[in-house]
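> Chain residues, written in single-letter form:
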Amino acid sequence: MRTTDTGTETGKTGGGARPADGTAPDGTPDGTPEGTPEGAPEGTAEETRLAREAESQLSSLSTAPGEERLNVPSIGVVGWARWFWRQLTSMRVALILLFLLSLAAIPGSVIPQSNVDSIRVEEFRKKHDVLSPVYDKLQLFDVYTSVWFSAIYILLFVSLAGCIVPRTWQFVGQLRSRPPRAPRRLDRMPAYTTWRTEAAPGDVLDGARGLLRGRRFRVDSEGDSVASEKGYLREAGNLVFHIALIVLLLAFAAGQLWKSEGGKLVVKGHGFSNTLTQYDDFKSGSLFDPDELDAFGFTLEDFHATYEESGPEKGTAREFRAGISYWQGADGTEKRDSIRVNHPLEIGDSKVFLNGNGYAPVVTVTDGEGNTAHRGPVPFLPQDGNLTSSGVVNVTDYRDAKGRKDQLGFQGFFVPTFGGSGAGTMFSQSPSLKYPVLFLTAYHGDLGLEYGEPKSVYQLDTSRMKQFKKPDGSPLAKKILPGETLKLPDGRGELKFEGVRPWAQFQVVHEVGNGWALGGAIAAIGGLAGSLFIQRRRVWVRAVAGADGRTVVEMAGLGRSESARLPEELGDLAYAMQSEAPPVHDEGEDEPEYRSEHEHGNDDEHGNDDKDEDSAGTSPRGERK
Amino acid sequence: MNIAAAGTNESLAEISNYLIYSAMAVYAFAFVAHIAEWVFGSRSKVARTAAALSPGKERGAGAVPAEDASAEAASAGAASARTDKSAAAKSAAGGTTSVLERPRPKVVVRSSAGRRGELPDGPGAAAGDEQGDLYGRIAVSLTTLAFLLHASGVLARSLSVQRAPWGNMYEFSTAFSMVAVAAYLGFLAAKKNVRWIGLPLVTTVLLDLGLAVTVLYTESDQLVPALQSYWLWIHVSLAIVCGALFYLGFVSTALYLFRDRYETKLLAGGTPGGFATSVLERLPSSASLDKFAYRINAAVFPFWTFTIVAGAIWAGDAWGRYWGWDPKEVWSFITWVAYACYLHARATAGWKGRKAAYLALIAFACFLFNYYGVNMIFNGKHSYAGV
Ligand code: HEM
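Chains S and X supply the protein sequences, listed in that same order.
Quick note: the first sequence, position 380, residue 380 per this note's numbering, numbers continuous.
Quick note: the second sequence, position 326, residue 326 per this note's numbering, numbers continuous.
Everything labelled a hint here was simulated from the structure, so no lab data went into it.
Values in this document were obtained by computation on a predicted structure and should not be read as measured data.
There could be a bad hint or two in this list.
Covered by chain S, per the in silico footprint, the following chain X stretches (three or more residues, Cβ under 8 Å) [as the list claims (entries may be wrong)]:
no.	region
1	102-110
2	308-314
Not everything, but these chain S residues come out facing chain X in the computed CB check (under 7 Å) [said to hold, decoys possible]:
no.	residue
3	S102
4	A191
5	Y192
6	H304
7	F413
8	I525
9	G549
Cβ atoms here follow ideal geometry from the backbone N, Cα and C, with glycine treated the same way.
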């Protein structure tokens, strides 16, 4: 049985979309849509034939695949393969796959995703030790790259491709063939009008051709009638939309595969150059090649942050701006620019985003021999919105008072705005730098940086270290202001808090295919608008000499999509035609005779909602439950 | 300009709050007037649908499907006849051409949806009852007044912060119901048959504003840096407009389902209950409701698509990736796919009618969840709810 497209029906009966006049298309049982209630009362053979004629006109207005029944193939592997393919490219399966896709996307919004927020995934794993392995098996931490999610969208896109290609050919065929010839019974069409005129049939048809051409219909004439069609952009738009979806998906996939993304924390005054080793963390797609990294670098010259100073949202960030100077290429000259939230710096294929900031206390550590063991800013990581930050000063190159090699670790907090000793809290009161204070405690021993697992420079592993004690035996801890020092006991050296420098966290993203994705998205919207707002319709005009010597003009319109505009448009066209072929009014004959087959009065007011409208030839479509 | 320096104008913000409260009070009166309209309307016993189906009129029904192959032409039925009539009347009155005034040709519209498509629209809530109609008019006037207060409230809020008034959920909610009412009044002004939306709309607007001023209220304030972008104007305003229009489509779909069941019962020869008859008889026919819902959903869909694309572009600027499966993004995607499902269903035989309507309801539920659920439950990058 034929499966794909109802449009082919007309292709069988005549050249292109031209059913032979008055003959019902063959093979109609296939063409009968599924929606037809089986066993609906059949009308007369004539009615059946007329109805089919209208139906075939309608269905050939579209390249949409018809809905077909599940026909189980009778023979062999090839038969099965073809059956499978037809099912896959059917509208019903596309619908089901679309629905599945939206269902399948849900878990990813409920369960933490490792590519979105890996920290929350870890937390989840710790909390649910029974569930986590199950989730792992089901790839629920990576929904959008999971086998089952991919399977759905790949099937959907195969279905889409399998659907688009034949539809495109069909559409091209329809564009090349002439508009389908007028059905024999124009009064069967959804919109119909007729009148009698003194003008000769040939003149009426000439006028119709001119008028329709003038309104950008494609026009064809045959015998006593003119056929015309308009609104091909609907189908074109639909095809563009679906093709654009494929482009969009490919661009997205390419973006994921060749993507790279790295983070770098830069203290004011320091620089960064775009090589793999300089990154603090780095992620890349499976096809990424490190050689593709754009050659550039930058220095953070200054950093501005403004915060809400009062009101309920006190402390909420208002503006961040990183002033940088950057170079590009091997011999790039320095240029100045600034990076703000929403305003990344674009260099080559890379974009540099500003996505965090904080403070780095500048400290000088002097060892037991009076030498400088460490000097410089140490970034502390923010713990709350007011930038209460925690951090560690690691000192590896240290000798104690007796000249023995040792290592020091200072651990503690930094607050940009201390509440004062009376505030009873060590938390910062504001993210601005107003009353900077450093709270530190100190350890010595083995920092463990040289071996074992990589360690965070923001956390102190105290397992092989000893805390410095005060003479009374309590741990050494001190609150120091800029310019103050923390002295270690027994002349083992000191740490001086010199000042504070801001730092900024940058994200460098290298992504390909963005242009394609954007282009695809724009084309999709354009196509969608065309396909939803434009209506494809046909208009026919027939003029024949009546028995009384006058010309009977008939006009009919048929649209594929739901629209109240079609009758209106037909009315406009008829109105325009009547200036050349004015209607003649005979008593009782000026009303359209659309119910002639029942021979009943047609003088009742047209448009009356309650009018007794004949419904022969229509099916109680809505009665199905 | 230094945003922080601009500050917020607190008295304007206060005025805005008063305006919103006043709007709520007036909406409440409109609600009462609508109820009165419906109550008085129930006195008149119209039964157009039943009349249209009376045995004498059934001749010739149920022959062969002439138009089943057509997706939408099918339900275009009865309403096109009306449009045509009004179009004819319009041009007869206005005189569209310079030629001598001549009568418009009459176009016969074949109803292709079977008897279902020929069912007349109900007369509206007042059902011709004079008092009911009076209350209906009062309700519409009150709604208009409330809308003006509502819109001024939103405007004052915007002026108080000197930015687009949709930075948090409170602002989003007030703007959302404002647009829904604006669309409703716009349809009324364009002489569309939408008065039946009045009661459900005013009810939800009251609920929405009530929720906004209690649970979602956020003091008038500046935006966090991530929200300071002209994409905020484009993306969020479109999202609000799409949501408000989708909501009207949703009301229509929901009523369609009731009315459809009612008609099915009548067509099957049953007698629906008195209350159902009284209420549903006054609504538009199922074909009209379905068509209204489809038109709105189809017309909004491209804009919803653009909303998501604009959001993706903005995300590209703000976070360095245009799509990162953040919960908000996931649910926008789900909503989009659900509406695409609905549009596909409409074009697929066997899925039209009720099944497609259920999809439309699901799609709108996704939209709502994306707005309320995602902002409050999930902790994504879009957590700007301020609650
Ligand atoms: C990737 C998933 C898909 C999405 C998001 C999608 C989306 C849409 C949308 C939004 C429409 C409405 C536009 C209109 O009514 O003209 C539409 C229409 C259509 N789609 Fe798809 N589609 C997808 C896959 C498919 C597939 C696989 C097929 C083929 C079986 C298909 C065939 C059609 C057809 C024939 C129409 C036109 C319906 C009509 O003429 O009213 N689509 N699609």
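> Give a verdict on every hint.
Each hint tested on the structure:
1. 102-110: Three-residue rule met by the region 102-110 of chain X, so holds; n is 8.
2. 308-314: holds (count 4)
3. S102: Interface hint status for S102 of chain S: holds (4 Å vs cutoff 7 Å).
4. A191: Holds: closest Cβ of chain X sits about 5 Å from A191 of chain S, inside 7 Å.
5. Y192: 5 Å, holds
6. H304: 10 Å, violated
7. F413: 25 Å, violated
8. I525: 5 Å, holds
9. G549: Violated: closest Cβ of chain X sits about 21 Å from G549 of chain S, beyond 7 Å.
The earlier numbered hints that this structure contradicts are 6, 7, 9.
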